[in-house]
Amino acid sequence: MENNHKVLIANRGEIAVRIMKACRKLGLEFVSVYTAEDSSSGHVRLARETGGPKSLYRISSYHDANELLSVADDAGATAVHPGYGFFAEDFRFARRVTERSRPLIFIGPSWRVIRELGDKINTKRLARSLGVPTVPGSDRPIYDELEAEKVARTLFDFQLQQGVARPLVLVKASAGGGGMGIEEVRDVDLFRSVYRRIRNYAMRQFKDEGVLIEQRIRDFNHLEVQIVSDRSGKNPVHFGTRNCSIQSTGLQKRVEVAPGFDPSSVHYDFDAARVLEDITGHALAMARKVGYDNVGTWEWIVTRDGHPYLMEVNTRIQVENGVSASIARVNGEKVDLIAEQIRVGLGEPLGYTQEDVTFEGVGVEYRIIAEDPSANFTPWVGNIERFSWEEHPWLSMHTHLPPLSPEAPYAIPTEFDPNLALAIIWGKDLNEVRERGMDFLEHLVLEGRNGKSEGLKSDVEFLKQNTARMLRF
Amino acid sequence: MEWDKQLQQLSERLSYMRDIFPEKHVEDMSLLGLQLDELRQGIARGTVKDPREGIESLENLFFFIECKLEDKLTPMDKVRIVRHPQRVCLRDILENVYDNYTEIGGQDEHTNDPAMLIARAYITRRRGKKVYNQSVMVIGHEKGHGEEFRNGGSAKPWGNAKAQHYMQVAETEGIPIHAYVFTPGGDPVEDYPGAAQQIARNIYEMAGLEVPVVAIFSEGGSGGAEAISLADKRLMFSHGYYSVISPEGAAAIEGRLKRGERSSSELIERCAADLHLTADDNVRFGYIDRVIQEPVLGARPYHFEFFRSIRQEVIRATDEVVLSVRGPASLRAMALRGLRDREINLDDMYVRWNLSKKARLRLVEKRQKHFLRLSEGTYFSGRSWWKRVTDEWSAKCSEMYNKLKHDLYLSKRRSVSNALEEANAELDILKYRLTAPWRRMRSAFNRTPKPLATEEELTALSEWDRTQERGDWTWVSPKAHEDRAVTCPNSALHGCMDLWAPDLYNEFAGVCTTCGHHFPMEYQWLMFNCFDDGSMSEFNEEVQAGNPLAFPGMDERLATAREKTGLRCACITFEARVEGTQAVVAVLAGAFRGGSVGAAEGAKFVAAAERARRKRFPFIVYCHGTAGIRIQEGTHGVIQMPRCTVAVRRYVEAGGLYLVIYDTNSYGGPVASFLGCAHYQFAIRSSNIGFAGPGVIKNTTGRDIPPDYHNCYQALARGHIQGVWDRRDVRTNLKQALLTMGGRNLYYR
Amino acid sequence: MLDVTSLLESIKAEPYTEMPVRAPHTGVINFAGVREGDRVMGPCGEWKEVPGTRIATITREHNPKPVAAFDKGVIQVLNLEMEGHFVEAGTEIAVLRHYLSRDEVVRIILRKSLQLFCAPERAKYYFVPDVDKKVKISGSRSVTVQDGMELFIVSRMKREVPLIYHGAEGVIYEVYFKQNENVDAGSPLIGVCPPDQIAQIEDVIARVQMDWTEAE
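Protein chains in written order, with our numbering: chain A, 6 to 478; chain B, 41 to 789; chain C, 14 to 229.
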């Protein structure tokens with residue numbers, strides 16, 4: 006790999022810190038950005054301390070591609086790392102970055118891949134064409150009421166045959182996203198009214214009447230397969246599975262465990278090892294088919310009786326990448342997935358095959374967030390005065406918080422996700438990870454105060470409660 | 041004392057002359073002024089022996105110089121004569137030309153628009169001892185000798201609406217209309233019903249008005265004049281003007297002035313000459329039928345002889361119109377010949393002015409054909425004689441074919457199939473009733489088992505015929521190849537982020553993703569992305585815009601426009617399909633001289649309307665942008681307003697579906713006539729529609745207008761247009777429009 | 014009732030504000046030829062359709078974007094040494110010395126005399142859609158608020174929650190927040206005028222209009 010690249014970090018907070026560290030590890034220069042609101046964030050401090058010349062710029066918004074690219078030009082950056090969120094899955098940004106008159110390398114999949122897999126209908130059809138199981142239901146937008154009703158009826162019958170006691174059907178606007186324009190149907194006779202409501206909503210919102218009709222699956226495990234591939238797109242490698250079933254309301258992940266299942270210490274009613282093998286196999290097959298050329302995640306639903314269904318593909322590095330990295334070894338060595346992403350993103354071949362990747366032990370990631378689990382996980386806003394923990398060899402903490410004291414507190418900016426830190430804990434088996442996890446959480450100190458002098462609220466208690474539940478169905 | 045009145049009159053004549061010739065003929069003026077002062081002082085001191093003789097000789101000198109100057113009148117001098125507050129106005133004419141009248145459109149300032157005057161009047165004629173009072177509807181602009189509230193004779197939209205209403209009244213009553221055009225132009229106010237919209241309605245109305253209409257021009261300012269002047273006979277005062285734009289307006293455009301700057305008087309004078317706006321010019325062009333000679337240096341209210349000649353001429357014109365369509369064709373010519381004698385007094389002769397039903401139709405047909413023939417030969421038709429002959433023949437043949445197909449075959453077939461359908465429906469009901477008991481029995485015994493739901497059906501890949509997706513455009517703007525960011529004009533209001541040109545002009549179709557603002561796109565975008573691929577076939581592409589007035593510098597400018605755009609004129613006409621439906625389409629491309637309309641564009645438009653009528657196709661006009669009538673063509677341009685509207689009316693009345701789509705900026709004559717008269721008009725979002733653009737409004741009225749004054753949503757709220765379309769949905773919306781406003785039967789009644 | 018006279022006196026003692034002009038975004042700056050000591054205009058015209066005097070142009074991604082004076086005043090400081098350089102967002106490029114206009118004095122006084130409803134926390138605020146439409150179409154003074162009415166949407170951390178208005182009934186006389194901009198906890202959102210005080214308030218405004226002479 007050429008070492009004269011300079012990477013623009015088009016992100017903030019924890020991921021910006023991790024990209025900076027990965028760049029330094031690889032011997033690359035970087036340039037970081039921040040907004041006025043975010044100037045006390047740890048990534049600004051780190052950039053100031055460790056960056057070279059022209060490595061830190063104040064911009065008006067992280068959401069404005071023009072700001073990022075004008076900074077890239079002034080700083081002489083040659084590549085852009087989007088992190089997660091913001092522009093990570095925006096194929097237009099990736100296209101602009103690579104097709105502008107002063108092109109940059111987009112450290113992420115090529116824009117065509119992002120576009121193809123960013124569309125849920127596309128993804129579903131691609132999966133079905135390869136025989137990858139997807140949630141039963143339509144795989145194209147349905148415009149005709151009679152056809153829609155027929156699909157819904159078949160879905161109800163199908164679920165009854167499968168022994169589902171209370172079948173549910175999901176109607177969603179095919180052009181929608183982010184939880185808008187989705188409704189459940191419990192009774193087939195009510196289907197038409199729901200269908201019409203969604204169709205009219207879709208017409209108003211997206212100028213497209215198409216709806217998707219799917220089975221609604223309840224009480225499932227949420228599994229992910231981590232894929233890494235180089236620019237050739239021919240040699241994808243998986244880095245195992247993760248289980249992200251422990252979520253707050255609103256499907257926000259809080260605890261992630263790798264591997265996805267642990268048949269050695271937990272009993273499942275189905276062949277868990279087989280499921281893991283299947284979903285990694287399917288993910289690799291799809292990645293090969295589209296020529297996937299960077300890191301990505303295949304998200305799966307696994308039902309209580311062990312049926313996996315592909316949900317979606319995330320064409321970016323994810324928050325929880327560290328937990329997969331904690332149990333994976335390449336030729337026996339530890340691995341940093343972000344560094345791998347930058348390395349292959351800049352065009353270096355992967356350099357190893359699936360046989361070289363081995364797995365060891367169990368990892369867990371806790372997301373430490375200032376929020377109130379008793380009040381629907383609403384974010385808590387205020388000043389953090391104390392944040393400390395016991396260091397252990399089995400623990401790695403990722404945080405963008407600067408060193409704190411009651412005299413120099415950190416004000417949580419209101420613009421962004423309220424994540425404070427990620428704690429990744431490794432153990433040789435599930436029991437050890439649980440013990441270490443509880444140990445870590447017991448010793449964690451997190452204090453703060455808001456404008457009304459109320460104490461900081463966090464999800465630590467929630468994490469403790471759920472530690473025992475890890476990987477259990 | 042006793043001579044004061046005559047002296048006063050002379051000094052008024054002098055100041056009138058000074059007004060007409062500002063800073064010109066200074067010697068003559070000072071000579072007259074000197075003589076007048078001398079005489080006045082002389083009389084006052086008593087040194088003049090015979091004041092009467094002195095005054096008479098001075099009057100003779102005045103007359104001599106007036107006659108001398110009359111011969112030297114320049115076009116701009118005539119414009120000043122017409123604008124002078126002492127010029128005859130409509131009230132003077134009503135008093136002196138007609139024998140009796142009642143104002144019915146309001147009185148003085150107690151009317152919705154004091155600039156538009158309506159009166160019922162009659163003219164008394166005698167034959168032997170018998171007296172006839174012949175009623176007419178007098179419609180016209182009132183300048184009121186400079187009365188402030190008359191707005192200088194600029195009619196507001198509601199004034200024109202009033203005129204339209206009384207035209208309909210005249211039609212109901214079967215009396216002729218005398219329209220007096222005394223306007224510098226329409227007032228560009230866009231309150232309901234909207235300046236452009238109402239003028240368009242007036243022109244459309246007059247194109248089919250079934251009573252004789254005679255228009256008399258004194259001051260014919262562009263669109264405002266056209267609102268009441270689509271007439272069977274058009275007369276004009278010899279010192280009047282009839283023009284596309286005021287000389288000052290032309291000078292502002294020619295001199296490329298910014299807001300608030302004034303152009304030099306030489307430039308204005310030159311523009312007035314270049315515009316060819318005098319009565320003689322317009323008679324030569326064929327847009328005016330006859331000139332009424334005025335007294336020296338223009339008619340003023342005390343020129344009673346002039347009113348007599350107006351009276352004779354309007355009677356003659358009305359008689360001619362009536363006689364030319366009444367009775368058996370063989371007798372008409374003879375009757376007309378009788379009128380040609382200028383010596384006879386028409387007051388002592390009587391011609392009935394009412395018309396039979398058939399004569400009324402002949403009248404309208406004659407008027408329409410007359411206007412369709414105007415302005416021929418003022419552009420390059422580009423067709424060889426051979427092509428002209430073959431085109432004519434193929435037009436005739438297809439006319440015959442379509443007549444046979446649609447009027448005979450299809451209508452018969454439709455009535456037969458309708459009858460069959462009804463019979464079948466009856467049969468079905470009967471069958472249903474008869475078999476009801478049997479079905480009941482069967483359903484009671486034979487419960488069909490539900491088919492098993494197959495997993496296959498729900499989890500395997502289904503068939504999906506992907507239709508054209510958004511963001512996948514056939515034609516992409518060259519602007520999409522530049523690497524730059526573009527700022528949305530609404531960014532301050534909606535916080536829109538800068539868009540990258542390759543995204544904006546390609547995938548987004550020029551639409552801001554935050555606020556939906558539509559950036560202007562080239563005319564090709566809609567042309568190629570709206571109609572079916574490969575379905576376009578252009579016709580009349582050889583027609584080329586000319587320079588009929590030999591306007592200085594125009595030939596070069598046209599050549600540049602041709603080179604830049606690859607077009608020969610601003611109008612592109614072609615046949616194309618919209619989702620399988622055949623249509624005739626005319627595009628006004630803003631790229632060619634601002635989309636301005638001249639004789640060539642008018643000719644192509646008329647031909648397209650005619651073709652659509654012949655072929656029974658819907659007629660779609662995409663107005664990508666138009667700055668108005670091409671001023672450098674003068675009245676050759678203005679005449680396209682009534683002319684194209686006549687073509688539209690003929691097409692619509694034959695049963696066609698006429699649909700207009702506006703994009704970017706559309707102003708001026710075309711909107712105030714053949715575009716604005718459409719029953720179905722739609723606009724692309726962020727487009728502006730109006731009578732006069734913001735700069736023109738500021739220049740002519742001095743008013744500042746709000747930035748969104750001409751926005752398409754204002755036009756929608758006012759009822760001018762029927763809908764605002766997103767550019768990306770034009771194709772679907774157009775299909776929808778053809779389905780709902782046309783119908784299964786080829787969009788044809 | 015508040016003492017308008019003394020309030021006016023205190024404003025008259027300090028009739029200037031100094032306002033920094035900051036780069037709204039990154040890019041390469043070119044000054045527009047104005048000099049220190051020059052008089053500049055803010056947006057003017059009946060509909061504010063004429064933009065303010067251009068101070069500089071900042072070119073970003075081949076897109077020259079003007080930086081205009083947002084209010085009238087005199088340029089006190091102009092950082093001309095930045096000419097041709099890349100500037101970060103928020104960099105101060107000039108300082109404007111602005112003499113308070115009548116309207117601004119009225120606003121200052123209104124802020125003291127209206128019933129203020131303040132932001133409970135730092136967040137972005139929006140009116141609920143119904144009210145928003147009304148405000149945009151016929152102005153805020155067409156909206157009457159009552160105690161317990163759902164008036165705002167608080168947007169923070171990508172979550173939106175409704176906010177209920179508490180306070181006296183009346184019309185929204187002034188709006189103090191802008192769309193898409195954060196409001197600090199405790200800053201006023203709207204100024205409400207109870208119907209029985211409208212006459213009084215208008216009286217105060219009339220007094221300011223008479224008493225305050227605008228310097229140039």
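Some hints could be false.
[Said to hold, decoys possible] Think about it this way: if two alpha-carbon atoms lie no more than 25 Å apart in a straight line, the pair counts; the simulated DMTMM-like pairs of lysine to aspartate or glutamate are: (1) C:146 - B:748; (2) C:149 - B:615; (3) A:294 - B:503; (4) A:258 - A:214; (5) B:775 - A:149; (6) C:191 - C:94; (7) A:294 - B:405; (8) B:519 - A:42; (9) A:11 - B:523; (10) A:339 - A:396; (11) C:147 - B:512; (12) C:78 - A:69; (13) C:78 - A:444; (14) B:519 - B:497; (15) A:239 - A:338; (16) B:64 - B:439; (17) C:78 - A:104; (18) A:294 - B:497; (19) C:137 - A:317; (20) C:85 - B:405; (21) C:191 - A:420; (22) C:137 - A:42; (23) C:146 - B:231; (24) A:11 - A:79; (25) A:212 - B:769; (26) B:436 - B:468; (27) A:457 - C:194; (28) A:212 - B:523; (29) B:738 - C:194; (30) B:298 - B:769; (31) A:59 - C:194; (32) B:775 - A:214; (33) C:137 - A:338.
Since the hints were made in silico from the structure, they are not lab data.
So, going through the hints one by one against the coordinates:
1. C:146 - B:748: holds, 18 Å
2. C:149 - B:615: This hinted pair is violated, its Cα atoms lying about 44 Å apart.
3. A:294 - B:503: holds, 20 Å
4. A:258 - A:214: violated, 32 Å
5. B:775 - A:149: Holds: residue 775 (chain B) and residue 149 (chain A) sit about 19 Å apart, inside 25 Å.
6. C:191 - C:94: violated, 33 Å
7. A:294 - B:405: Not satisfied, since the Cα-Cα distance of roughly 71 Å exceeds 25 Å.
8. B:519 - A:42: violated, 36 Å
9. A:11 - B:523: Between residue 11 (chain A) and residue 523 (chain B) the Cα gap is close to 22 Å, so the pair holds against 25 Å.
10. A:339 - A:396: The given pair, whose Cα atoms are some 19 Å apart, holds under the 25 Å limit.
11. C:147 - B:512: This hinted pair is violated, its Cα atoms lying about 38 Å apart.
12. C:78 - A:69: Roughly 15 Å between the alpha carbons, so the hint for residue 78 (chain C) and residue 69 (chain A) holds.
13. C:78 - A:444: Status violated; Cα separation ~56 Å.
14. B:519 - B:497: The hint is violated at about 47 Å.
15. A:239 - A:338: The given pair, whose Cα atoms are some 24 Å apart, holds under the 25 Å limit.
16. B:64 - B:439: Not OK: residue 64 (chain B) and residue 439 (chain B) at ~60 Å, beyond 25 Å, violated.
17. C:78 - A:104: Holds, because 23 Å separates the two Cα atoms, which is no more than 25 Å.
18. A:294 - B:497: At roughly 24 Å apart (the allowed maximum being 25 Å), residue 497 (chain B) and residue 294 (chain A) satisfy the hint.
19. C:137 - A:317: The hint is violated at about 32 Å.
20. C:85 - B:405: The given pair, whose Cα atoms are some 64 Å apart, is violated under the 25 Å limit.
21. C:191 - A:420: holds, 16 Å
22. C:137 - A:42: holds, 13 Å
23. C:146 - B:231: holds, 23 Å
24. A:11 - A:79: holds, 12 Å
25. A:212 - B:769: Holds, at about 9 Å.
26. B:436 - B:468: violated, 46 Å
27. A:457 - C:194: holds, 23 Å
28. A:212 - B:523: violated, 30 Å
29. B:738 - C:194: violated, 37 Å
30. B:298 - B:769: violated, 37 Å
31. A:59 - C:194: violated, 29 Å
32. B:775 - A:214: holds, 17 Å
33. C:137 - A:338: Since the Cα atoms of residue 137 (chain C) and residue 338 (chain A) sit roughly 47 Å apart, the hinted pair is violated (cutoff 25 Å).
Hint compliance for this structure: hints 2, 4, 6, 7, 8, 11, 13, 14, 16, 19, 20, 26, 28, 29, 30, 31, 33 are broken, all remaining hints hold.
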